[in-house]
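Between the sequences and the hints, there should be enough to build the whole structure, so can you do that?
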Amino acid sequence: MDQKVLVLNGDYTAITLCSVQKAFVLLFLDKAEMIANSEHGVIRTVSTSYPKPSIIRLQRYVRVPYKGIALSRHNIMKRDHFECQYCGSTKNLTLDHVLPRSRGGDSSWGNLLTACSRCNHAKGHRTPSEAGLTIRQQPKKPTLSGFLKLSAGTIDHNWHAYLNN
Numbered sequence: 002m003d004q005k006v007l008v009l010n011g012d013y014t015a016i017t018l019c020s021v022q023k024a025f026v027l028l029f030l031d032k033a034e035m036i037a038n039s040e041h042g043v044i045r046t047v048s049t050s051y052p053k054p055s056i057i058r059l060q061r062y063v064r065v066p067y068k069g070i071a072l073s074r075h076n077i078m079k080r081d082h083f084e085c086q087y088c089g090s091t092k093n094l095t096l097d098h099v100l101p102r103s104r105g106g107d108s109s110w111g112n113l114l115t116a117c118s119r120c121n122h123a124k125g126h127r128t129p130s131e132a133g134l135t136i137r138q139q140p141k142k143p144t145l146s147g148f149l150k151l152s153a154g155t156i157d158h159n160w161h162a163y164l165n166n
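Take the sequence shown: its position 25, counted from the start at 1, is 26 in my numbering, and no numbers get skipped.
None of these hints come from the bench; they were simulated from the model. Take the hints with a grain of salt, since some may be wrong.
[As the list claims (entries may be wrong)] Computed Cβ-Cβ distance ranges for the label pairs, DEER-style:
no. : residue 1 : residue 2 : range
1   : 128       : 29        : 52 to 62 Å
2   : 73        : 31        : 30 to 40 Å
3   : 60        : 159       : 33 to 43 Å
4   : 20        : 62        : 14 to 24 Å
5   : 110       : 66        : 16 to 26 Å
6   : 133       : 40        : 27 to 37 Å
7   : 74        : 104       : 16 to 26 Å
8   : 68        : 127       : 31 to 41 Å
9   : 104       : 75        : 22 to 32 Å
10  : 11        : 135       : 23 to 33 Å
11  : 95        : 40        : 19 to 29 Å
12  : 118       : 154       : 19 to 29 Å
13  : 107       : 144       : 36 to 46 Å
14  : 11        : 47        : 29 to 39 Å
[Said to hold, decoys possible] Straight-line Cα separation of at most 20 Å, DMTMM-like style, residue types lysine to aspartate or glutamate; simulated pairs:
no. : residue 1 : residue 2
15  : 124       : 157
16  : 142       : 84
17  : 23        : 40
18  : 32        : 12
19  : 141       : 84
20  : 141       : 107
21  : 150       : 107
22  : 124       : 107
23  : 150       : 3
24  : 142       : 107
25  : 53        : 84
These numbers come from a predicted model, not from an experiment. C-beta: ideal position from N, C-alpha, C; glycine also.
Right, dumping it as structure tokens:
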């Protein structure tokens, strides 16, 4: 029951992920409809079995004020797959400013990346090219659908049509 369920707004746009339990409650209270059920089992009650939801759609359109993905240490590391963007290590991770703050670099999605403490220390107050380091994946702000894919862990094949926008 630790699987995630994709929640679509009334206009079929992906808005969030929720637990199977929360999705089942929304379905049971007729606040949502099931778009696709999971192939991984059923939900059993004392007298009935229900298909486990994979995608649900809210019955009413909910206006969601999109503020973007929050810029946080955890979200940057999640975007970078918890790997150093210089050497690929997964140990002793920290954040690094591509353009150092001492040279006017800001704390933004495009200037922060995950680095191991060894690479971060070797880079110091220089740019990666000055330090002889190459960035594996250029830092950029993730999209909502891309971030939902990262948050889900395993992606149900039914989700692709809604997350590839």
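Verification of the supplied hints:
In this structure the supplied range 52 to 62 Å holds for residue 128 paired with residue 29, their Cβ-Cβ distance being about 55 Å. Take residue 73 and residue 31: their Cβ atoms lie about 36 Å apart, and the range 30 to 40 Å holds. At roughly 19 Å, the beta-carbon separation of residue 60 and residue 159 lies outside the given 33 to 43 Å, and the hint is violated. For residue 20 and residue 62, the hinted distance range of 14 to 24 Å is satisfied, since their beta carbons lie about 22 Å from each other.
At about 19 Å, the CB distance of residue 110 to residue 66 agrees with the hint of 16 to 26 Å. Checked against the hint of 27 to 37 Å, the C-beta distance between residue 133 and residue 40 comes to roughly 49 Å, which is inconsistent with it. The hinted range of 16 to 26 Å is satisfied by residue 74 and residue 104, whose Cβ atoms lie roughly 21 Å apart. A hinted range of 31 to 41 Å holds for the C-beta pair residue 68 and residue 127, which are about 34 Å apart.
For the hinted restraint 22 to 32 Å between residue 104 and residue 75, the CB-CB distance of approximately 26 Å keeps it satisfied. A hinted range of 23 to 33 Å is violated for the C-beta pair residue 11 and residue 135, which are about 45 Å apart. A C-beta distance of roughly 40 Å is found between residue 95 and residue 40, which places it outside the suggested range of 19 to 29 Å. Hint check: residue 118 to residue 154, Cβ distance near 27 Å, so the stated range 19 to 29 Å holds.
Evaluation of the 36 to 46 Å hint for residue 107 and residue 144 yields a failure: the beta carbon distance comes to about 21 Å. Between residue 11 and residue 47 the beta carbons are some 33 Å apart, a value that agrees with the proposed interval 29 to 39 Å. Straight-line distance between C-alpha atoms of residue 124 and residue 157 comes to about 40 Å, which puts the hinted pair past the 20 Å bound. For the suggested pair residue 142 and residue 84, the alpha carbons sit about 17 Å apart, so the restraint of at most 20 Å is met.
Distance check on the hinted pair: residue 23 and residue 40 sit about 18 Å apart at the alpha-carbon level, within 20 Å; holds. For the suggested pair residue 32 and residue 12, the alpha carbons sit about 14 Å apart, so the restraint of at most 20 Å is met. Between residue 141 and residue 84, the direct Cα distance comes to roughly 15 Å. Compliance with the 20 Å bound is thereby established for this hinted pair. A threshold of 20 Å between alpha carbons decides the hint, and for residue 141 with residue 107 the separation of about 13 Å falls inside it, so the pair holds.
At most 20 Å may separate the alpha-carbon atoms for a hinted pair to count; residue 150 and residue 107 exceed this at roughly 27 Å. At roughly 17 Å between alpha-carbon atoms, residue 124 and residue 107 fall within 20 Å of each other, so this suggested pair holds. Under the criterion of a C-alpha separation no larger than 20 Å, the hint pairing residue 150 with residue 3 is consistent with the structure, at around 16 Å. For the suggested pair residue 142 and residue 107, the alpha carbons sit about 14 Å apart, so the restraint of at most 20 Å is met.
Our distance criterion of 20 Å between C-alpha atoms is broken by residue 53 and residue 84, whose separation comes to about 34 Å.
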